[in-house]
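From first to last, the protein sequence lines stand for chains A and B. Here the first sequence is numbered in our numbering, starting from 2 and rising by one per residue. Here the second sequence is numbered in our numbering, starting from 8 and rising by one per residue.
To be clear, the hints were calculated from the coordinates, so they are not data collected in a lab. There may be inaccurate statements among the hints.
Computed beta-carbon distance windows for the label pairs [unchecked claim]: (1) B/Glu-11 with A/Met-168: 21 to 27 Å; (2) A/Asn-65 with B/Asn-159: 21 to 27 Å; (3) A/Asn-165 with B/Leu-35: 23 to 29 Å; (4) B/Asp-208 with A/Thr-112: 30 to 36 Å; (5) B/Asp-208 with A/Pro-118: 40 to 46 Å; (6) A/Gly-169 with B/Asp-208: 43 to 49 Å; (7) A/Ser-134 with B/Thr-168: 23 to 29 Å; (8) A/Lys-68 with B/Ser-27: 23 to 29 Å.
Glycine residues also receive a C-beta, built at the ideal position from the N, C-alpha and C atoms.
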Amino acid sequence: MDDSPANQISLHVPRMYRVAYRLLADADKAHDVVQEACLKALTNVDGFDGRATIATWLHRITVNCAKEAMRRDSRKEHAHRRLQSQPANQVPGLCPAEAAETKELTDLAWTLLDKLPEDCRSAFALTQIDGYSYDETSAIEGLPRGTIASRVFRAKKILLEQMNAHMGRRANP
Amino acid sequence: MTNERDEVLMSQLADGELPSDQANELLLRVLDAPADREKLEALLRLRHATVDWRTRQPPRPVMIVADRPRTFRLRRTAWGVGGLAAAACVGGLLALAGVWGAGRLGGPVRQTYPWPTVARVTREQMQQVAMVFALHESVAGPLAWYAADDRNIRLASAGGTEAGQTPIAVLLKLGSASPDAARSTGSGQAARTLLIVCREDRSAVIELPADSPGRAGLRVYLAPRAVNGKVEVQYAIAVDGAEDRPAVARLAGQRRIGLAETPLGQVALGDRLLSVEAAAWPLRQEGNR
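All chains should be built: construct the whole structure from the sequences, respecting the hints.
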């Protein structure tokens with residue numbers, strides 16, 4: 002594969018899609034946003050000064066395009082419900098019981114995600130949902146890597162505590 | 008063992024963010040402490056619970072238009088050189104038959120070309136397109152897409168389930184939108200017209216590089232779907248400038264298109280303004296009549 006801007010951008014498309022999908026909760030709209038973001042990136046590729054990584058630059062463009070789409074469409078409030086209603090987890094190698102448990106955990110994690118403190122939620126979403134590395138998240142957030150690691154852990158700790166409480170309530174109603 | 012620092016390290020371990028030596032050292036300590044093992048397992052399960060989100064892919068390919076046209080290659084070359092020759096023969100036969108010859112297709116400003124003055128595709132024209140596509144398929148086998156302008160015919164053979172998808176014809180017209188051009192040639196001369204037949208719910212990426220001076224390279228992405236007799240098309244189009252003005256104009260969007268030519272938008276190419284219009288129809292609809 003050559004290192005043309007188009008090819009470089011194409012490597013980031015799945016992650017751009019996940020970012021857009023997380024913000025919009027609509028597969029088609031997320032696709033359109035990524036399409037728009039790719040075109041904007043290609044149009045402005047001369048403006049990419051290399052100070053940011055291409056991942057953070059594309060992330061910014063994607064988030065801006067998604068925000069514009071959200072302004073055009075007020076469906077954001079339905080995001081939560083629609084994301085939860087995605088098909089069951091299809092991780093290969095899981096037996097049906099494990100798959101069901103993983104699906105339950107996924108849905109629960111998503112439900113609880115909104116209750117996280119904003120700083121933790123952002124770091125958690127970027128690393129655990131969008132698939133950015135800690136270094137990339139550090140660049141996107143403009144924070145030291147150690148801060149990101151700490152925030153991700155705090156988010157996980159809160160989520161796990163709440164999930165345990167939820168499971169405990171379910172086991173002992 | 009655990010203090011918060013170790014727990015942060017365990018969290019990083021679960022995320023694959025620890026260097027291997029540090030991960031080994033941490034694991035050795037964790038395995039010796041049942042309480043820590045449970046914590047690590049919980050972190051790993053949480054990581055596992057979100058794998059679906061991290062592996063989510065776009066439902067359709069995203070078109071990223073290259074800055075420069077690449078040399079055109081058949082997307083699938085299962086039918087190889089023989090097929091190419093056969094396709095060329097078909098083109099020749101069609102020309103001889105007067106069905107779809109160069110005279111009908113016309114050049115950039117050729118007045119005999121029928122499409123530029125047509126505001127709505129006629130049944131006769133739909134039948135011509137259906138016949139051309141059927142003839143090409145009879146020679147080359149099932150096609151993923153077919154594209155033709157006045158100088159080029161491009162084909163890609165279908166694979167897998169593509170052949171079972173409804174063929175959809177898209178007539179794409181790029182014309183000068185400048186008032187000067189309109190005044191000199193009447194109503195909006197056609198700079199380039201492209202007939203494409205592709206498959207419903209499948210994306211086609213078609214490249215027609217500039218093959219002569221003053222002629223624009225063209226790259227088109229189409230993903231059509233038939234909806235109530237019309238066609239919902241997602242598109243991205245890139246037009247190259249002339250050699251001395253290597254600008255690239257791009258246009259992307261989604262429209263519901265029917266037999267009447269529908270404006271897709273305008274693109275600025277250097278100091279020129281091009282309008283892009285399209286008509287589209289499901290081919291099977293015509294074939295069944």
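Checked hints:
1. Between B/Glu-11 and A/Met-168 the C-beta distance comes to about 24 Å, which sits within the given range of 21 to 27 Å.
2. As the Cβ distance of A/Asn-65 to B/Asn-159 is approximately 38 Å, the hint placing it in 21 to 27 Å is violated.
3. At about 27 Å, the CB distance of A/Asn-165 to B/Leu-35 agrees with the hint of 23 to 29 Å.
4. As the Cβ distance of B/Asp-208 to A/Thr-112 is approximately 33 Å, the hint placing it in 30 to 36 Å holds.
5. Checked against the given bound of 40 to 46 Å, the beta carbons of B/Asp-208 and A/Pro-118, roughly 43 Å apart, stay inside it.
6. Range check, A/Gly-169 to B/Asp-208: about 46 Å between beta-carbon atoms, so the 43 to 49 Å window is met.
7. In this structure, A/Ser-134 and B/Thr-168 break the distance hint of 23 to 29 Å, their C-beta atoms being roughly 36 Å apart.
8. At about 39 Å, the beta-carbon gap between A/Lys-68 and B/Ser-27 misses the expected band of 23 to 29 Å.
In summary, the structure is inconsistent with hints 2, 7 and 8 from the numbered list given earlier, while agreeing with the others.
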